[in-house]
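K.L.:
Protein chains in written order, with the numbering used here: chain A, 1 to 116; chain B, 1 to 540.
Quick caveat, the hints were computed from the structure, so don't treat them as lab data.
Computed from a predicted structure; not experimentally measured.
Take these hints with a grain of salt, some might be off.
Now the in silico label distances, taken between C-beta atoms and shown as ranges [to be verified]:
| id | chain 1 | residue 1 | chain 2 | residue 2 | range |
| --- | --- | --- | --- | --- | --- |
| 1 | B | Ala380 | A | Arg12 | 51 to 57 Å |
| 2 | A | Val85 | B | Leu334 | 23 to 29 Å |
| 3 | A | Asp14 | B | Asp439 | 46 to 52 Å |
| 4 | B | Phe216 | A | Glu100 | 56 to 62 Å |
| 5 | A | Gln78 | B | Gly255 | 26 to 32 Å |
| 6 | A | Thr16 | B | Asp308 | 44 to 50 Å |
| 7 | B | Glu236 | A | Asp14 | 48 to 54 Å |
| 8 | B | Glu371 | A | Arg12 | 40 to 46 Å |
| 9 | A | His7 | B | Gln514 | 36 to 42 Å |
| 10 | A | Asp14 | B | Ala516 | 33 to 39 Å |
| 11 | A | Gly87 | B | Asp471 | 41 to 47 Å |
| 12 | B | His256 | A | Glu100 | 33 to 39 Å |
| 13 | B | Arg267 | A | Gly87 | 36 to 42 Å |
| 14 | B | Asp471 | A | His7 | 29 to 35 Å |
We put the beta carbon where it would ideally sit given N, CA and C, even for glycine.
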Amino acid sequence: MTSSVIHVSEERLDETLMIVLDGELDASSVNDVAVKLRRLVENQAKRLVVDLERVSYLDSAGINLLFAVAGELSARQQQLHLVVVEGSPIERTLRIVGAERAFPVHASREAALAEA
Amino acid sequence: MSGRSLPSPEDALRELQRISDAALASLTMHDLLRELLERIAGILGTDTAAFLLLDEVSGDLVAQAAKGIEEEVEQGVRIPMGRGFAGRIAAERRPVRIEDVDHADILNPILREKGIRSLLGVPLLVEGRVIGVMHVGSLTRRHFDERETDLLQLAADRAAIAIEHARLHAQRHTVEAMQRAMLPSALPVIPGIEFTATYRPAAVDARVGGDWYDVFELGRGRIALVIGDVVGRGVEAGALMAQVRTALRAYALEGHPPAGVVELLNRLFASVRPTKLTTVAYIVLDPERDEMRLVSAGHLPPIVVGPDGIGRVMEVEGDPPVGAFRAAIYHEHLVTLEPGSRLVLVTDGAAEVRGEPLDDGLDRLRLMCAEEPDAHALCAAIAAGAVTGGPSDDDVAVLVAEILPLPERLATRWPADADALGGLRHLLRRWLAGHGARDNEIYDITVAVQEAAANAVEHAYAPGTAAFSVDAHNEGGAIVVTVTDRGRWREARGQNRGRGFPLMRGLMESVDVQPADHGTSVVMRRTLEAAARGTLEAAP
Numbered sequence: 001m002t003s004s005v006i007h008v009s010e011e012r013l014d015e016t017l018m019i020v021l022d023g024e025l026d027a028s029s030v031n032d033v034a035v036k037l038r039r040l041v042e043n044q045a046k047r048l049v050v051d052l053e054r055v056s057y058l059d060s061a062g063i064n065l066l067f068a069v070a071g072e073l074s075a076r077q078q079q080l081h082l083v084v085v086e087g088s089p090i091e092r093t094l095r096i097v098g099a100e101r102a103f104p105v106h107a108s109r110e111a112a113l114a115e116a
Numbered sequence: 001m002s003g004r005s006l007p008s009p010e011d012a013l014r015e016l017q018r019i020s021d022a023a024l025a026s027l028t029m030h031d032l033l034r035e036l037l038e039r040i041a042g043i044l045g046t047d048t049a050a051f052l053l054l055d056e057v058s059g060d061l062v063a064q065a066a067k068g069i070e071e072e073v074e075q076g077v078r079i080p081m082g083r084g085f086a087g088r089i090a091a092e093r094r095p096v097r098i099e100d101v102d103h104a105d106i107l108n109p110i111l112r113e114k115g116i117r118s119l120l121g122v123p124l125l126v127e128g129r130v131i132g133v134m135h136v137g138s139l140t141r142r143h144f145d146e147r148e149t150d151l152l153q154l155a156a157d158r159a160a161i162a163i164e165h166a167r168l169h170a171q172r173h174t175v176e177a178m179q180r181a182m183l184p185s186a187l188p189v190i191p192g193i194e195f196t197a198t199y200r201p202a203a204v205d206a207r208v209g210g211d212w213y214d215v216f217e218l219g220r221g222r223i224a225l226v227i228g229d230v231v232g233r234g235v236e237a238g239a240l241m242a243q244v245r246t247a248l249r250a251y252a253l254e255g256h257p258p259a260g261v262v263e264l265l266n267r268l269f270a271s272v273r274p275t276k277l278t279t280v281a282y283i284v285l286d287p288e289r290d291e292m293r294l295v296s297a298g299h300l301p302p303i304v305v306g307p308d309g310i311g312r313v314m315e316v317e318g319d320p321p322v323g324a325f326r327a328a329i330y331h332e333h334l335v336t337l338e339p340g341s342r343l344v345l346v347t348d349g350a351a352e353v354r355g356e357p358l359d360d361g362l363d364r365l366r367l368m369c370a371e372e373p374d375a376h377a378l379c380a381a382i383a384a385g386a387v388t389g390g391p392s393d394d395d396v397a398v399l400v401a402e403i404l405p406l407p408e409r410l411a412t413r414w415p416a417d418a419d420a421l422g423g424l425r426h427l428l429r430r431w432l433a434g435h436g437a438r439d440n441e442i443y444d445i446t447v448a449v450q451e452a453a454a455n456a457v458e459h460a461y462a463p464g465t466a467a468f469s470v471d472a473h474n475e476g477g478a479i480v481v482t483v484t485d486r487g488r489w490r491e492a493r494g495q496n497r498g499r500g501f502p503l504m505r506g507l508m509e510s511v512d513v514q515p516a517d518h519g520t521s522v523v524m525r526r527t528l529e530a531a532a533r534g535t536l537e538a539a540p
């Protein structure tokens with residue numbers, strides 16, 4: 001059956017780890033992304049920025065993963081930042097579940113790096 | 001012996017011809033060689049006869065069949081090119097006569113041990129290539145004359161062709177198995193789109209190999225369709241096809257745009273020497289946007305049958321075949337593909353008739369694609385040679401994609417499996433777009449429906465066995481979607497779960513959970529903006 005395809009790439013900028021997701025994040029792709037995210041998070045980077053600008057679909061399976069990762073990071077005094085296109089359906093979705101109150105959401109990578 | 005009367009060359013050849021033709025159908029290489037030896041030794045009245053074939057890997061001549069000197073084969077005699085009697089014949093590509101073995105350079109001791117006195121050998125040539133040597137011998141001293149030499153060479157020429165055909169015939173099974181192994185065992189199941197495909201190996205052994213088709217998902221509801229033809233034949237073409245197919249898949253799944261995929265493919269295979277060409281049509285289908293992007297690397301143009309039932313040959317200016325020029329640039333052609341359209345991709349063998357303009361074949365193909373309602377029957381007919389007027393000498397591959405029109409009222413059933421969610425999402429998006437929903441509305445409704453479906457998947461009694469249904473209809477501008485499963489509604493528990501229901505409520509106007517027959521229904525409603533504005537404007 002149909003399985004969603006999502007690409008995960010990473011960039012390191014000083015002490016920030018930038019993870020770029022590209023594709024659709026749903027119940028069929030969330031496990032792959034979870035494995036990759038947790039493997040990347042384990043290293044020394046102090047800050048983690050997840051760039052969702054190129055994610056065209058995000059549902060509660062993906063949102064739950066972001067909350068879980070944010071929780072794991074905060075236990076290690078690290079913080080999760082998100083980059084989301086302003087006014088996008090994804091931003092609306094995140095607002096509905098209160099993600100914007102749980103971790104910083106930025107409108108651009110530059111804004112995330114400036115604050116992160 | 002010298003008093004023996006030789007048959008005329010015509011009679012001798014006819015005699016050989018008879019076996020070689022029969023051989024193509026049934027004899028193994030070993031039996032064929034033995035049969036040829038018997039005949040030739042009989043025609044020339046010699047005591048011994050032998051075939052040595054060139055081993056292309058080592059470059060040696062290897063004894064493959066012998067009469068009167070069977071030890072040659074049993075001991076696996078190998079003669080290096082250019083050395084001894086047989087090696088000289090192959091290297092010089094001309095007949096060699098030895099009247100007295102005692103005074104000649106003979107490498108193979110068996111010939112002397114068996115008491116052979118005189119020898120005559122000729123090269124086995126196919127299209128100017130040496131594929132081996134054939135020789136005959138006499139236990140008594142004998143002078144092979146010009147006429148006997150010519151006769152043996154004629155026999156050898158005929159034998160060489162038979163051997164080459166038998167080789168290709170033997171290879172055929174390998175190549176066919178390889179071809180079949182490289183074709184998708186099953187085409188992806190994508191709701192709203194039907195794929196049908198066929199591959200038929202060439203009727204002529206010498207032409208089997210090189211055609212392929214492929215279908216795979218690229219994410220975001222897009223689907224890759226590939227059809228291609230590696231120019232060449234046999235194991236070599238089959239092996240290259242396997243590489244091209246895999247490389248194309250890899251580049252496509254990496255996320256490169258269609259033209260980029262073909263450019264990368266070309267760069268990879270342009271370095272292969274000697275130059276091998278591959279024609280490819282690479283298509284990325286986007287059913288949510290009713291469009292496709294085509295890149296044609298020297299391949300036959302696709303046929304599109306529109307919802308109007310008219311078949312058209314797509315007018316595209318193609319780019320060079322893959323492998324032709326390292327610096328070739330490839331172009332994307334954006335084509336609208338409305339629901340109800342049928343897309344047909346074929347390889348040369350499906351439409352090409354020697355001596356006829358290609359356009360004539362394409363025109364017949366176009367008409368047939370429009371006339372035959374059943375895609376399986378269409379594939380079978382094309383593969384059987386309905387366009388070309390008989391089975392093609394070439395391989396034939398056919399790939400058909402049909403974009404099914406979506407019904408006014410959507411009624412679908414899905415396996416309770418997370419992998420079903422993507423298909424549901426893409427189908428729903430197509431349906432919503434057809435009802436005038438805007439991008440943000442499509443997004444919201446899709447997420448909400450998906451959340452209800454994910455709940456059904458998560459709470460299925462046993463994986464694989466259960467199913468859920470999704471029905472959708474348009475109530476005068478309000479989209480109403482019902483997701484029904486066979487379990488009791490349960491909100492997910494756990495710290496980082498349970499966001500599904502708030503999302504559904506946040507995205508839709510109303511969400512009602514109702515008991516249904518043996519399960520639970522979630523009924524969700526959202527009025528489309530366009531409809532809401534229409535109502536306001538209509539108000540006095």
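K.L.:
Evaluate each hint against the coordinates.
P.N.:
A quick look at each hint next to the structure:
1. B/Ala380 <-> A/Arg12: 51 to 57 Å: Hint holds: Cβ distance 56 Å, inside 51 to 57 Å.
2. A/Val85 <-> B/Leu334: 23 to 29 Å: The hinted range 23 to 29 Å holds for A/Val85 and B/Leu334, with Cβ atoms some 25 Å apart.
3. A/Asp14 <-> B/Asp439: 46 to 52 Å: Cβ of A/Asp14 to Cβ of B/Asp439: about 37 Å, so the range 46 to 52 Å is violated.
4. B/Phe216 <-> A/Glu100: 56 to 62 Å: violated, 37 Å
5. A/Gln78 <-> B/Gly255: 26 to 32 Å: holds, 29 Å
6. A/Thr16 <-> B/Asp308: 44 to 50 Å: violated, 56 Å
7. B/Glu236 <-> A/Asp14: 48 to 54 Å: holds, 52 Å
8. B/Glu371 <-> A/Arg12: 40 to 46 Å: Between B/Glu371 and A/Arg12, where Cβ atoms are some 60 Å apart, the hint is violated.
9. A/His7 <-> B/Gln514: 36 to 42 Å: holds, 40 Å
10. A/Asp14 <-> B/Ala516: 33 to 39 Å: violated, 55 Å
11. A/Gly87 <-> B/Asp471: 41 to 47 Å: At 32 Å between Cβs, range violated.
12. B/His256 <-> A/Glu100: 33 to 39 Å: Roughly 34 Å apart at Cβ, these two residues keep to the hinted range, so it holds.
13. B/Arg267 <-> A/Gly87: 36 to 42 Å: Once the Cβ atoms are compared, 40 Å apart, the range 36 to 42 Å for A/Gly87 and B/Arg267 holds.
14. B/Asp471 <-> A/His7: 29 to 35 Å: Since B/Asp471 and A/His7 have Cβ atoms about 34 Å apart, the given range 29 to 35 Å holds.
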